[in-house]
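A.B. asks: Read off the chains here:
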Amino acid sequence: MSVRLTTLFEKKKSNILSVYFTAGYPEINDTLKIVKNLDAAGVDFIEIGMPFSDPLADGPVIQESSQKAIQNGMTINLLFEQLTDLRKQTQIPVVLMGYLNPVMQYGEEAFLSKCAEVGIDGLILPDLPMEIYNQDWKVLTKKFDISNIFLITPQSSEERIKAIDNASNGFVYVVSSNSITGTNKKFDRQAEYYNSIKQMNLKNPTLIGFGIHDSETFKEACQYSNGVIVGTAFIKHISKQGICKDSISSFVVQLKG
Amino acid sequence: MNTFSPTKEGFYGEFGGAFVPEMLYPNVLELQNRYREIIETDAFQKEFSELLRDYVGRPTPLFYSKNLSKEHGAHIYLKREDLNHTGAHKINNTIGQILVAKKLNKKRIIAETGAGQHGVATATACALMGLECVIYMGAVDIERQKPNVDRMKLLGAEVVSATSGSKTLKDATNEAIRAWINNPVDTHYIIGSVVGPHPYPDMVAMFQSVISEEIKLQLKEKTGSENPDYVIACLGGGSNAIGAFYHFIDNNKTKPIAVEAGGEGVYSGKTAATIALGKKGIIHGSKTYLIQTEDGQIVEPHSISAGLDYPGIGPVHAYLNDTKKATVVSVTDEEALEAAHELSQKDGIIPALESAHALAYLKKMTFKKEDVVVINLSGRGDKDLATYQKHLKL
Ligand SMILES: Cc1ncc(COP(=O)(O)O)c(C=O)c1O
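Line order of the protein sequences matches chains A and B. Okay, so the first sequence: first residue is 1 according to our numbering, each after it adds one. Okay, so the second sequence: first residue is 1 according to our numbering, each after it adds one.
Just so you know, these hints were derived from the structure itself, not from any lab. Hints may be right or wrong, so weigh each one.
[Unchecked claim] Derived pair list, reagent style DSS-like, types lysine-lysine, alpha-carbon separation capped at 25 Å:
no., chain 1, residue 1, chain 2, residue 2
1, B, Lys270, A, Lys68
2, A, Lys68, B, Lys167
3, A, Lys236, A, Lys36
[Unchecked claim] Okay, the calculated bits of chain A under chain B, using three or more residues with CB under 8 Å as the criterion:
no., stretch
4, 154-162
5, 197-209
Model, not experiment: these values are computed from the prediction. Cβ atoms here follow ideal geometry from the backbone N, Cα and C, with glycine treated the same way.
Model the full assembly from the supplied sequences, consistent with the hints where possible.
C.D. replies: Here it is in structure tokens:
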């Protein structure tokens, strides 16, 4: 695991807040500005989405932001270019999230090498199955010291959760309910599910994501895990209020309650 | 058995697999663990073949077209999948999958559809078995295949419009997969072609393989030899094509030819010719060829035929192409329209626009006069009347 992520999880055991946004949205050159403003607002780490034309695990809000970002001209190449100076500006941990196909076209090893070069700490590829990761990716992620993060869901068996915990180095992403992103009609309070994960005493920290959108859902999730991941609610917020420092800090303040 | 079954993990060579988000892992795993065991029981086979016979109307005829034979200087047979109940080969698969869904105690069925044929076939199977049915269909396809939308509704299905992306088959498939993620426990997703994560490509191929099983028997009876020289089918995702090829692959005589939708021309930018343009990648949970930009965004395809308007192909076809066990070619929108017009007027059969792609390829071939050619006529053209009216100036 990268020093930045290790340090974070050593220092902070609860109420960790991670925010997701799509690279290239709302404007093509917003990436670093959003990173800096989230850092200034006191977020603990950041997930940058690499937009994909067909994001299967995402709801309409992230789909639309991805489509707009692609129209704006965002590519993995450009994203890496924008992140060249990332580590001169901030030490906040940054994780890239995206789908396998664009990464495959970039080339797995070239991609991981570039991640290491610009100072990316981890990777979330929802459609990279653990079996393929173990077979084709594990050695490479080790080589470049990039954490790979897997998802678990209310449907995951105990055996599967343990296997995923074993394959993970970073944290385990606990999906709150059976859903795609942005299902915040209601935040499923699945106490039983969360408790059972808690009792499994996983070796990795756990963060709950999908559907967290206000201070109530934030607090609820933090009772059962080391923290949360917020995506759709943030995209919605910047769509309306913009990405300036004040806008982003007021989002974070409200969320933390 | 055949030499192109996938591995336990669902790979045909390097193609296939199950690249699904963890949310779908339990569903896909359940299917992977159980599909063969369910399908291979005698009870399942009995129920499946009885329904194919008594409900679907199989075997479908193998028709010797004197007119086409004369025109092309070979012996040309049409496998009449258009005469199936609901008018296309799609129902072979939906009957099979709904029986699997029942064995898995699923209460609800979802499906994607392009031309609407798979949607109608799914809605039909659901009506028969008393299961709830939701069909995802691209907004563009809802427009151009209106009669099928009305049929689905009459059959009791809910039709949900997919409004993202190109608003066609790819996007309907995205929406169906998202709907499955949202309802993983009680819902079975009936994929309509040999696409998607393992075990779908293999399962759908097994159900469609009845097409070539019948062709073999019928040809033997008509010609004394069970293997044709050519078997030609249109290729969208590839279910009718694999069904028609299944029992002929590796026989050393039969050359399987799959015809993709060239749209306005392979290099026009408005095409669905995946093998011609595609690069390896992941689409809908499967590694295969797909039409994409340099940085891996999936390109919105174009075909006049909704059922072929898809930027990928089933992994088995990527494999058959790369190992030269099948040949993949394409014809344009215009060539397909012309072939549909000709078959209507010469043989009195109005083919689906999809199937017309297979017919259109005849003109590009040269035959020896003793060659035996089977065209898989995958569906009938009633659903395409509006398109025929517009383009053929009737
Ligand atoms: C009549 C007909 N043929 C062919 C297809 C294409 O599908 P596949 O390539 O899976 O056979 C469709 C799809 O809608 C169809 O309706």
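A.B. asks: Please verify whether A/Lys236 and A/Lys36 have alpha carbons no more than 25 Å apart.
C.D. replies: Holds. A/Lys236 to A/Lys36 sits at ~19 Å (cutoff 25 Å).
A.B. asks: Just to make sure I understand the rule, a stretch counts as covered if three or more of its residues have a C-beta closer than 8 Å to a C-beta of the chain. Does the stretch 197-209 of chain A meet that for chain B?
C.D. replies: Answer violated; 0 residues pass the 8 Å Cβ test.
A.B. asks: Just to make sure I understand the rule, a stretch counts as covered if three or more of its residues have a C-beta closer than 8 Å to a C-beta of the chain. Does the stretch 154-162 of chain A meet that for chain B?
C.D. replies: n = 4 at 8 Å, threshold three: holds.
A.B. asks: Measure nothing beyond the straight line between the CA atoms of B/Lys270 and A/Lys68; if it is 25 Å or shorter, mark the hint as holding.
C.D. replies: holds (22 Å)
A.B. asks: Do the alpha carbons of A/Lys68 and B/Lys167 lie within 25 Å of each other, as the hint requires?
C.D. replies: Distance of about 16 Å is within 25 Å: holds.
In terms of the numbered hints stated before, the structure departs from hint 5 and from no other.
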